[in-house]
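Participant: Chain by chain, the residues run as shown.
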Amino acid sequence: MNQPAIIENLDRKETTTLNLGPTHPATHGVFQNVLEMDGEKIISGVSTIGYIHRAFEKIAEHRPYYQITPLTDRLNYCSSPINNMGWHMTVEKMLGIQMPKRVDYMRVIVMELARIADHLICNGILGVDTGAYTGFLYLMEQREHIYEIYEEICGARLTTNIGRIGGFERDFNDIAFQKIRKFTKDYAVALKEFQNLFDRNRIFMDRTVGVAPVTTETALNYSWTGLILRATGLDYDVRVNEPYSSYEDFDFDVPVGTTGDVYDRYILRNEEMWQSLRIIEQALDKIEKEPKGVFHANVPEIYLPPKEEVYNNMEALIYHFKIVMGEVDVPKAEVYHCVEGANGELGFYLISDGGRAPYRLHFRRPSFINYQMYAPMSRGMLLSDAIINMSSLNVIAGELDA
Amino acid sequence: MEVAFLIEKVVLVTVIFAISLGVAAYSTLAERKIAAFLQGRVGPHRAGWHGSLQPLADGGKMFFKEEIIPAESSAFLFILGPSLALLTACIGSAVIPWGQSIEVAGRVIELQVTDINVGILYIFGVVSLGVYGIMIGGWASNNKFSLMGAIRAASQNISYEIAMGLSLIALLMMSGTLSLKDIAAQQHGFWEGGYIWDGGYFTWNFFKQPLGFLLFIICAFAECNRTPFDLPESENELVAGYHTEYSGFKLGAYLFSEYINMFVSSAVMATLYWGGYNYPFMDLASSAFGPTLAAILGVVVLFMKIFFFIFFFMWIRWTIPRFRYDQLLHLGWKVLIPLAIANIVITGIVINIINYL
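Protein sequences, first through last, are from chains A and B.
Here the first sequence stands for residues 1 to 402, where the numbers follow this note's numbering.
Here the second sequence stands for residues 1 to 357, where the numbers follow this note's numbering.
Accuracy of the hints is not assured; some may be wrong.
Said to hold, decoys possible - Just so you have them, the derived chain A footprint on chain B, three or more residues with Cβ under 8 Å:
(1) 38-46
(2) 221-230
(3) 318-330
As the list claims (entries may be wrong) - Sample of chain A residues with no beta-carbon within 10 Å of chain B, all distances over it, derived:
(4) T134
(5) E169
(6) E217
Derived by calculation from the structure, the hints in this document are not laboratory data.
Owing to the predicted nature of the structure, the values given are computational and were not obtained by experimental measurement.
Glycine included, every Cβ here is placed at the ideal spot set by N, Cα and C.
Given the sequences, and given the hints that come with them, work out the whole structure.
Facilitator: Structure below.
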């Protein structure tokens, strides 16, 4: 879409059209901005999305429920486990299944690890976009450890497909717990180092303080959610306002900003990572108090039985067959469930007509909604500011296009 | 002109040229190794021992890559750009005194290609020409990102040249000469005039002109387009800035010229402010080992200083973010130039007071 951007109230027509993307290093992913530039200044812009549209919502209408989990992996691929868990919880909400506390806490650990992984990428990339590469690698090393934990839990790294509807596919093993414990210690050191490098860096502050400020009112008008909304000063966090997965059992703070500029978002992301570490440590302690070996709810009609049961037990064989063929009995229902994703409220709107696949499934993708404001926001900004604004909005191309 | 003199100069030029290119080539390896060190990585380690052949591999790759000249570009200017950049980078080292004169087979050889009496002006001239290579290349590419990079480079270099020149004037007021050889000779040794209560003082210009040095090194960063002033090629905004369209050896020429520039400006900084080839107790060394060996030691010392500055360039690059365009110009015009002028005034007053006493 190479149509020229709209030029308003411009006396001089000496402007340039600049195609930022779809494969520009600053657009971390595949999307395009057609900018009308007056020198280094952006006069107006048009955002184009859809370069990696994969019609997930339509595909989901033809798949049994358990096969939709891999689709959610590919939404926000920086924090796949949150998407997985959100989807499992949506289906469980529809089926009315209550999870044992231990499973809830295990889910909290996985989700908070994913939140850290997402935030560290975003803040690291913000550093890269301002020209400082080193801090990014300090954190990237730690993401590797998070991925090792995923590997230990589910075997995969990026598109995790963690868990099943009704619990986890297997219990966390001892190595996984050790690795999580070790990670919480190591990450505190790495994050401190990263913050020392950036928080009070004169050039970094010059670049980010007061860049792209947003008022709460504007943010709400554009339906912003998540961290970038909290940066404007409104304390809305799904984990607190509508607790899911036993988040009400945990003691953590919701950091809130004031001006909503890039620096506020940066500081808030760091603070949220500290809070996530706190939550993980609490969850580890809570799991130790729960009965060992519980990793799924007792719902044989939904949750796949173990293989030895399938071979030796008639009921288990029937359930196995029904689940794998996608013939699980589901009620006619309409559910909306949302989780606090890494960059906003990640919602799943599910309508079931009782068939094997959803009648309609809509993902409320925070990147898609947050990104709507990008082009209007960029008006009058310098190119460099617009680019760091983009990276601090944490737009993930996979989530932009479903 | 006698033949021996000609041979001497040709050999010297060849050696300096080879050293410049060699240092530039190994600076690329050093850059990657230092980046790796600062970022907790290993860095290149496949080609040769700990990656010691990596620059050759990179250079060979550059040579054999396909030369692409964009269809809508101006082919002549497109080739002229990197050539000019490489040329201006290479000729800057002609006036740098690499050491005291040495004696070979009864013949006194000056370790300087030529001692022109306007050495500093010559360096300034060459450095200002360097921006033409970037501008022409960026303009000829017929690419908006290249053009923006070229414009940034032009305004940045012009702004910072003024501050650089002004920061040097204070130094020139003290030394009273534009010849680099004389300036280096004035900084003889390290400490002059006995004990401090007998009026002893540091001979190196850094101790007389700390503010001037600070201004000069900031401007040198800007002139070399190094972080935090690497706006012309800021890869996250402008893809690769002025060399977005370049590939193969022409790209290599641009990258090479950047490293040679870094080498030359390190040498200039070392010569102007850090005593050049001078080192503490050089008179003692001269009487102990003979003047030739002492002079060679001086060359080694100069190179150590140069390598330190190159390391400093890289250290900064991998630590701090880059400025925004307007902040960069703000720093140049509203901070560095006033400070440089203040430095001139203060230096003038101090010189007058000393003369009066």
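Participant: So, for every hint listed, does it hold in this structure?
Facilitator: Right, here's what the structure says about each hint:
Under a criterion of three residues with beta carbons nearer than 8 Å to beta carbons of chain A, the stated coverage of the region 38-46 of chain B is upheld, 4 such residues being counted. Here's how the region 221-230 of chain B fares: 3 of its residues keep a CB closer than 8 Å to some CB of chain A, so the rule of at least three is met and the hint holds. Chain A is given as covering the region 318-330 of chain B, and this holds because 10 residues of the stretch bring a CB closer than 8 Å to a CB of that chain, at least three being needed. With a least CB separation of 5 Å from chain B, T134(A) falls inside the 10 Å interface cut-off, contrary to its annotation.
For E169(A), the condition that its CB be more than 10 Å from all CB atoms of chain B holds, with the nearest at approximately 34 Å. With a minimum CB-CB distance of about 28 Å to chain B, E217(A) clears the 10 Å threshold, and the non-interface call stands.
Figure legend: structure checked against the earlier numbered hints; the only hint not met is number 4.
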